[in-house]
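A.B. asks: These protein sequences, in sequence, are chains A and B. Take the first sequence: its letter number 16 is residue 15 in numbering that gives the first Met the number 0, and every next letter is one higher. Take the second sequence: its letter number 172 is residue 171 in numbering that gives the first Met the number 0, and every next letter is one higher.
Which bits of chain A does chain B cover? Going by a derived footprint, with three or more residues having C-beta under 8 Å, they are:
(1) 38-44
(2) 59-71
(3) 89-98
(4) 139-148
(5) 182-195
(6) 254-268
(7) 407-416
In silico lysine-lysine, PhoX-like type, Cα no more than 25 Å apart, as pairs:
(8) A:K257 to B:K216
(9) B:K39 to A:K258
(10) A:K128 to B:K256
(11) B:K437 to A:K35
Reference excerpt, derived from the structure (chain A facing chain B, CB under 8 Å, subset only):
(12) T49
(13) T81
(14) A86
(15) T227
(16) M373
(17) G376
(18) G377
(19) D379
(20) S386
(21) M387
(22) T446
(23) G448
Please keep in mind that the hints were generated in silico from the structure rather than gathered at the bench. Keep in mind that this is a model prediction, so the values were computed, not measured. Glycine included, C-beta positions come from ideal geometry on N, C-alpha and C.
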Amino acid sequence: MTTDYLALAQAVAQRAAADGIEAEAYITHDTETQIKVSQGAVEQLSQSATRGIGVRIIDHGRTGYAYTSDFSDDSIEQTWRTARELAQIATPDEYRALPDPRPIPDEDLEIWDPKLESVPPEAKIDAIKRVERATLDYDARIILSEFCNYQDAISHVYLANSRGFAGQYGRTIALAFNMAIARGEDGGMVNAFGFGASNFFDELNPETIGRESASKAISILGGQPVPTQTAPVILDHFVSAQILGALAEALSAESWQKKRSFLLDRLGQQVGNDMVTLMDNGRMKRGVASAPFDAEGVPTSATRLIDEGVLQNLVYDSYSARKAGVQSTGNAQRFGHRSLPMLGPSNFYMQPGHQTRDEIIAGVEKGFYVISVMQTGGIDSVTGDCSMSANGLWIENGKIVGPVGGVTIATTLDGFLNNITAVGSDLRMVPAFGAIGVPTLRVDNVTIGGT
Amino acid sequence: MIAKELAQKVLAEALRTGADLAEIYVEDVVSLQLGLEDSKIEQAVRGADRGAGVRVFFGNLVTYAYTDTLDETSLMNAARAAAAAGSGSSQTRVIDLTERKSPLKYPVEIAFETMSIQEKANLLGKMDETARAYHPAIVQVNASYLELRRHMWLFNSAGVQVEDDRSYTEMRGGVIARRNGTLQSVREGFGGRMGLELLSRNDALGKMHEIAETAVKMLDARPCPAGEMPVVMCNGWGGVLFHEACGHQMEADFITKGSSAYTGKVGQQIANPIITAIDDGTIAGRRGSLAFDDDGTPAQRTVLIEKGILKEYMWDLVEARRVGRESSTGNGRRESYRHMPMPRMTNTFIDRGEHDPQEIIESVKRGVYIQSMAGGQADIAKGDYVFNATVAYLIEDGKLTTPLRGATIFGNGPKTLMQIDMVGNDLALDPGMGTCGKGQAARVSVGQPTLRIPAATVGGTDEPVSGM
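Work out the full structure, taking the sequences as your base and the hints as a guide.
C.D. replies: Set out below in structure tokens:
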């Protein structure tokens, strides 16, 4: 049985709309696979299809939303009726309205792997077993591969609204990760993650992922705290991606309009070193957060946010754009049918520079190469505070001299942007809150908290 | 939700290829969420989710398939998909399902429906007014309300048939204060496994007043000093410390693999003898409380550490089977029918000690007092933990003085447990807002009395503290 989901979305949007009441229907239909292996054997295997519908109503500037996974006629009717009732509760806001349909550029974003559907489970199991194998074979001190997971999703999105928009697209993603655990001679253990994600199954490289977690774990084994001091740090991709996540939040028009960004009211000003150029691009080829149109049907676009250190633009959805009197950048995002469209980054990245990682390390007289960090709420897009715990390697006279662990690093987000003194050529995308891309970075004047 | 006869049939199908255990987990979730920001109700969302997952055990291999349609055809398809990994024929038959009842009731005293959605929205409006009226420096306020009813049914081929009808209510509030380009943000709230009695047991407007007061006070915060120093953790929320520092390392999946520092340490001293720690999934009204866990095991109270001695880990069904334990500790939890359970904490806390909390603060010449935090994270293998304080004060000569911003507390769990040298007599659980993430989200509670860590690493941007 096949359902014409786009026709269904259009029918629901039409039925739910009335005089002065706008309606939008969003349907997802996903097939997901998850495989976990441990010690050479499959431990968990899950394969299923799931679908859902969410209906957004805007009744004279008031938004109501309801969703269900039950596609029976009664359930769908009850869902849009509930959304209409909930709209009565919301506070009217003249800028709340659905976007007018704009033409969607006909362009292949290369986000669909037609082969993924026919990749047999055995091939996926083989790929994730190779990740574990590569980790365990890397060094005798690697004792375990934990959280060794393969996941993929074949997703279909169908969106229609009462202003006449109707669109659909498919996107595939395959990802694999694991955590390597290494044990030193003294019995002390450390861990590190390896990760890979692509729209295309064949582009996952199991050996690279497995070796990344293993090599990082081995490198930080036996790390000891250094004395408390201020020094330059070099940040690995995964580390700076966490900081960029907070910058993306601070660069959303909603954060500005609601006065919750540390960058508030600094448009046109120099906010960072001139090596810093930040982009958001929802149309990046083979971007895991790429899509032809955003969560409310606006075409996605490329936006230059910080250009050589000068704050140039923000990302917008249709609400914040209407409020600011500009055009939406197509940055409405959703986490499936359960969520209202929300403003956020798509593929958000820092423009790479020219130096290799080794050249950046060679330029540091005395400093800290940070390989992994932990933080929860330590990087704050409102206050601009930025602190976390860190593991990594100590650098003296341009050379790595030994592992460091048990320390904290702290700066502010302003300090981060202004003290970047080297940008690597090795841009890498990390899927997190959209997808965040960073090269290796050197940041000066960071406080290291140790002994 | 599904008839016993159908469950029996689906389980038999799931066992056909040689599995030794099969299970059906059915879930029906209805939620209402209201959100206010910018003095406007911007979010009014109603959700309905229903589905079932079939889990099949072939020794240590576990396979899973789920469906969002509960008819016989869909359930039988899920059973066949989950069974597809097997290649044998059935040796196991389905034992007749017998419904078990829990003595734990968690009654909803005031039903969600007794208050209209408009009245709930009006309460958010009043919270906004209260915070804004406190001070002109308050530039933004958000407030949200969530009610959620998650009813689960579980059947397995060992004859287990249970259900747990879980209702949760949550209120959250946050404010942003701004002065001369400095911004401070404070968020708090309360919640529990209960109905609208939450609102009569807590004062939402009083809480907003308190949040606003703290945010304005934090505008004068100076950067936190960096380095090693004594840290005093408040009671209640301070329990994030134990949750991150040690709790995760006592979850059985990290024990059976040997990735936790506590592997093989039952019976050994792992903490200062003044420490007793408990995971208790049976406390009335608490966010982590269960009648049955998501494996169908009755919830229980588990003493993890007694007077410094490691007593027990937290087990789910998969890990208990792996080591041949007769039963789990009722710690198997899953985010939804789309997920398989894993060992998780419920309500986890350090038990009451002997010191007066004031005495603990007075004992510190120079250090940091942590009053509220944004959450934490743990590094299982190394045992390291970190959490970020949202509200903290400098302690000088035994008194709380300057508010501090950007404080990160970092340490090693096993070391910290040995080091904690003062435990207060003011045990409290958190206000009921905690969500733990371990690949899947789980509602949990944490708790502790006021306690002192004589030397922890504090991360901030200011000069080191000297003269401790």
